[in-house]
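Trainee: What follows is the residue order along each chain.
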Amino acid sequence: MIKEANSIFIRSDLFKSTNREQDKENDFFKISSNTSENILRKKESTKVLNKFRKFQNFSSYSDTDKNESDNDKTSIKIGEEFYEIEKKYFLSLIENDIFEYGYSTNAEKYLQSKLIEEPLKTKEWFNTLFNENFQSSDFMIKILHIMGGIDYELLDPQGTTMAVSATRNRDEEVKESAIRVFENWGSPQALSVLKGIECHEEWLQEYLTDVIVDLEKEQDNHDLLS
Amino acid sequence: MTYLVRKISKSKWPKGKFQDFDIKDLRADAITSCLRTTSDTLSTWEIESLELLDEAVLALVANFERIDTIDVAVLKTTTVTESGFTIKNETGNTPAEHIKEWHKNVVDLKFNSIGEFSKLIINCLEEKQVYRYNATKVKKILVDALNEGKINKSRLKDGFYEKIIS
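Protein sequences appear in the order of chains U and C. At position 158 of the first sequence (counting the first as 1) the number is 157 in numbering that gives the first Met the number 0, and the numbers step up by one without a gap. At position 52 of the second sequence (counting the first as 1) the number is 51 in numbering that gives the first Met the number 0, and the numbers step up by one without a gap.
Calculated from the structure, these hints are not laboratory results.
With the Cβ distance kept under 8 Å, some of the chain U side facing chain C (calculated, not the full set):
hint, residue
1, 102
2, 179
3, 200
4, 202
5, 213
All of these numbers come straight from a predicted model, not from anything done at the bench. Ideal placement from N, C-alpha and C gives every residue a C-beta, glycine not left out.
Using the sequences and the hints given, assemble the complete structure.
Mentor: This is how it looks when you write it as structure tokens:
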């Protein structure tokens, strides 16, 4: 969800308005959340507005909320749609970002902020995205680039599992990207994961060996100090 | 003998059998990612000798936002000029003030010349003149530079200093 001052932009098509067939244009419309009368640009937005009003009242969505009433089911559905919007926004950032080692992307900054704000749900949709796109080497390299720039504690435990699975990917470039993630994280599990990787290309095996040596030195230094 | 240093991503380039490699099979990503031009120009850092390679790497990494492993290709300046490329001086944009004047641009690049430059990179790979600086080494270069006063932390990108010292 893109926030601008006191207003929120929502993609109307994601709420599946029944007039959607006539609406060829996917449009953002502006809802002012601080006024009693919401400002709308499209007539069919009334249904969406009602859904949004329900969502605004649903102030603390939690995946531990198990109340089975109809209102709560509706609110949970709206909550799920809300996180679907976040996921789609994240995807749009990935599409437009330039990925270069040494530089952060907008997608990375966005994900980091969501992981701090809403860790449980963010890890859930991020994990889903990862699994859905595991076969796409290009997408995996970008996702791993993002993960390498975020503290592993924010992504743990799903992040570790995701990066481990990427080390088993057939594509050597994806494997390299996964090694980079563990190198950047330097997490306690990193060493044991890296030692279990097999690389067929000589340059990659050399890199892996260097990373293992560095992490072992770091661990030795840490043990000496503690 | 002087050298031009350029950051590349080794994973996007051929890994072996360089003699048999047909340039037409080079991945588009190798060119668009590693040889991205601005105003038909490629940015490089010139060093007087290979002993100064770490300084060229410092010029590159001091502009970073996060610490990552990087690869650098090292080309002999004479090889580049003898291949028909034009090199021009332009003060570099780097927090490492003492090496700003080492920056060089390879200019007037076109469709054919980018392909020719790619061949030079492939030659570097064949001659093992592409060096990988892993994250630990990159961090050490930055920490040493800060301690020696070669870079001022106020010139680093937001949040980068905290990542270097963590």
